[in-house]
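Assemble the whole structure, with the sequences as input and the hints as a guide.
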Amino acid sequence: MRRRPFPVHILVFLAPAVLLYTAFMIYPLLDSLRLSLFAPTVEEGGARGLAFVGLQNYRTLLSHPQWAPQLLNALSNNVLFFAIHMLVQNPVGLSLAVLLSSKLVRGRAVYRTLIFTPTVLSVVLIGFIWRLILSPLWGISGDVLGLFGLEHLNQPWLGQESTALVTLSLVSVWQNVGIPMMLFLAALVGIPDELLEAARVDGATAWGVFWRVQFPLILPTVGIVSVLTFVGNFNAFDLIYTTQRAIAGPNFSTDIMGTLFFRTFFGFQLQPGNPTMGATIAGVMLLVILSGVLVYLFGYQRRLQRIEL
Amino acid sequence: MKRPAATLAAHTVLLFYTALALFPVVLVIVNSFKGRLAIFRTPYAPPTPETWDLAGYRTVLGGADFPLYFRNSLVVTLASLALILWVSSMAAFALAEYPFPGNTLLGLYLALGIMVPIRLGTVSLLQMMVRLGLTNTLLALILVYAAAGIPLAVFILTQFMRQVPKDLKDAARIDGASEYRIYALVLPLVRPALGTVAVFNMIPIWNDLWFPLILAPAERTKTVILGAQVFLGQYINDWNAVLAALTLAMVPVIVLYVLFSRQLIRGLTAGSVK
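Sequence lines, in order, name chains G and A.
Heads up: the first sequence is residues 1 to 309, going by UniProt numbering.
Heads up: the second sequence is residues 1 to 274, going by UniProt numbering.
Simulated from the structure, these hints should not be mistaken for laboratory data.
Among these hints, one or two may not hold up.
To be verified - Among chain G residues calculated to face chain A with C-beta under 7 angstroms, some are:
no., residue
1, 17
2, 29
3, 113
4, 122
5, 128
6, 133
7, 285
8, 288
Even glycine gets a Cβ: it sits at the ideal position worked out from N, Cα and C.
Structural data, given as structure tokens:
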């Protein structure tokens with residue numbers, strides 16, 4: 001067989017995607033990490049430069065009294081934000097998916113489309129809508145609680161340190177519940193009917209069928225939903241920025257990693273922007289997100305495969 | 001097998017949840033057509049001839065250049081989608097078609113970006129755009145969204161390209177078709193997948209706040225979402241204007257969603273369940 005000519009066409013096919021992706025995604029991510037190892041210097045005559053400082057920015061972030069409490073606050077708020085999504089959004093999404101996969105219910109496609117609607121809307125619009133609804137001025141939240149005889153519980157939900165973060169987490173859950181719902185639904189629909197029928201013939205209740213047959217079979221999707229929730233939550237920004245501004249009030253009680261990153265790198269009000277410290281916070285976020293993804297890939301997914309074998 | 005009690009219970013739960021999902025959206029749209037007094041006195045009533053008032057829409061159209069923002073969003077979204085579909089389909093074709101050395105590795109490299117948010121590279125991206133003179137241009141947004149969309153698009157399209165029958169391509173090769181011709185031949189066969197990728201990328205690009213805020217905040221390059229965000233922040237005490245702006249920004253997306261919900265749902269499931 002004669003030697004084939006160099007396959008130019010393969011290069012032509014691959015080059016645009018690889019170049020675009022490398023230049024505007026991989027390079028910025030790596031360059032951001034590199035920037036996190038530098039600090040601005042002001043030389044004589046006011047010229048600005050950057051000096052290599054190694055891991056000093058990370059040490060400052062973790063120990064300096066100006067930074068460490070902020071980072072800790074944002075991280076722990078973010079953990080709560082994520083926990084609420086895992087405990088409310090994903091179970092509710094799963095329950096809706098189970099109902100929507102049941103053959104007993106007619107009009108499933110209509111329900112599915114309607115329930116998913118908030119998910120396609122911009123977080124900015126959702127944030128403002130809920131700001132209006134929760135505003136004591138309009139009084140809608142009081143009226144709705146009144147329906148259940150609970151109006152005395154009404155509070156300025158977004159204005160109090162004790163309730164703002166939980167309220168915003170629930171708004172985010174309300175908006176994003178459509179995503180786990182759809183993913184779980186797709187997995188549930190993929191389970192062969194014969195399996196469910198066999199379990200029912202053996203006398204299993206609907207509850208038993210769910211825990212013994214359906215849930216074990218959708219475990220891979222449970223993992224995907226969890227890791228998507230994790231990545232999305234530790235990267236969140238828009239909702240807090242829209243409802244509470246970059247200052248993440250009241251008194252930083254809703255500050256999460258995304259808003260801390262934005263404030264640090266872009267500056268806000270009296271605080272000037274600090275790109276290298278911003279890059280450092282992005283570095284911490286990358287570390288958090290990657291460790292979540294790695295736990296999923298090597299802890300969860302690998303164990304699943306072993307069970308399947 | 002009929003179980004009326006179970007069916008009724010399921011419908012009750014689903015109806016309740018549907019109402020919960022739609023109530024805030026409907027409330028805003030309905031009240032945007034009412035006068036200020038009616039918004040506060042009878043927020044749950046539909047507009048009547050007495051309460052009908054378009055003051056909010058007049059403020060919005062006078063206070064912010066929404067037609068321009070819509071045009072910007074449209075240009076950014078369509079151009080990013082075209083770029084994603086074009087470069088990703090070519091790369092996916094190469095990955096699916098030719099078993100060259102490093103194929104798997106390149107596939108993995110391109111897939112890296114599925115899980116890592118591009119936002120974390122923002123500091124460097126902003127500096128890069130400043131150096132290239134691209135700040136406050138729509139091109140900056142298009143390039144960033146295209147780069148961010150490539151990983152998942154290549155991943156999904158490669159799966160679909162692999163399913164195109166080999167006979168078809170070999171027959172074309174025997175007829176003397178070039179490899180580029182064969183790519184053009186395969187493309188229409190994976191049209192459903194292209195549609196899925198398009199719709200799936202469309203919504204996050206249209207809805208993004210972060211990059212317009214950082215890379216292109218100038219008045220003439222504002223997208224609808226950034227424009228709405230700034231407008232809503234300034235007019236927060238003018239309820240008519242706020243409700244009208246929210247409605248104007250939501251309705252086109254809802255219409256698009258109703259038109260494309262099937263593809264969107266397919267994209268959502270194809271992208272992550274595989």
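Verification of the supplied hints:
The beta carbon of residue 17 of chain G comes within 4 angstroms of a beta carbon in chain A, closer than 7 angstroms, and the hint placing it at the interface holds. Annotation: residue 29 of chain G was flagged as interfacial toward chain A, and the flag holds, the nearest CB pair being 4 angstroms apart, inside 7 angstroms. Evaluation of the residue 113 of chain G hint against chain A yields a held restraint, the C-beta minimum of about 5 angstroms falling below 7 angstroms. About 4 angstroms separates the beta-carbon of residue 122 of chain G from the nearest beta-carbon of chain A, less than 7 angstroms, and the hint is met.
Evaluation of the residue 128 of chain G hint against chain A yields a held restraint, the C-beta minimum of about 5 angstroms falling below 7 angstroms. Hint status for residue 133 of chain G: holds, given a least beta-carbon distance of 6 angstroms to chain A, under 7 angstroms. The beta carbon of residue 285 of chain G comes within 6 angstroms of a beta carbon in chain A, closer than 7 angstroms, and the hint placing it at the interface holds. With a cut of 7 angstroms, the hint placing residue 288 of chain G at the interface with chain A is violated, because the nearest CB-to-CB distance is about 10 angstroms.
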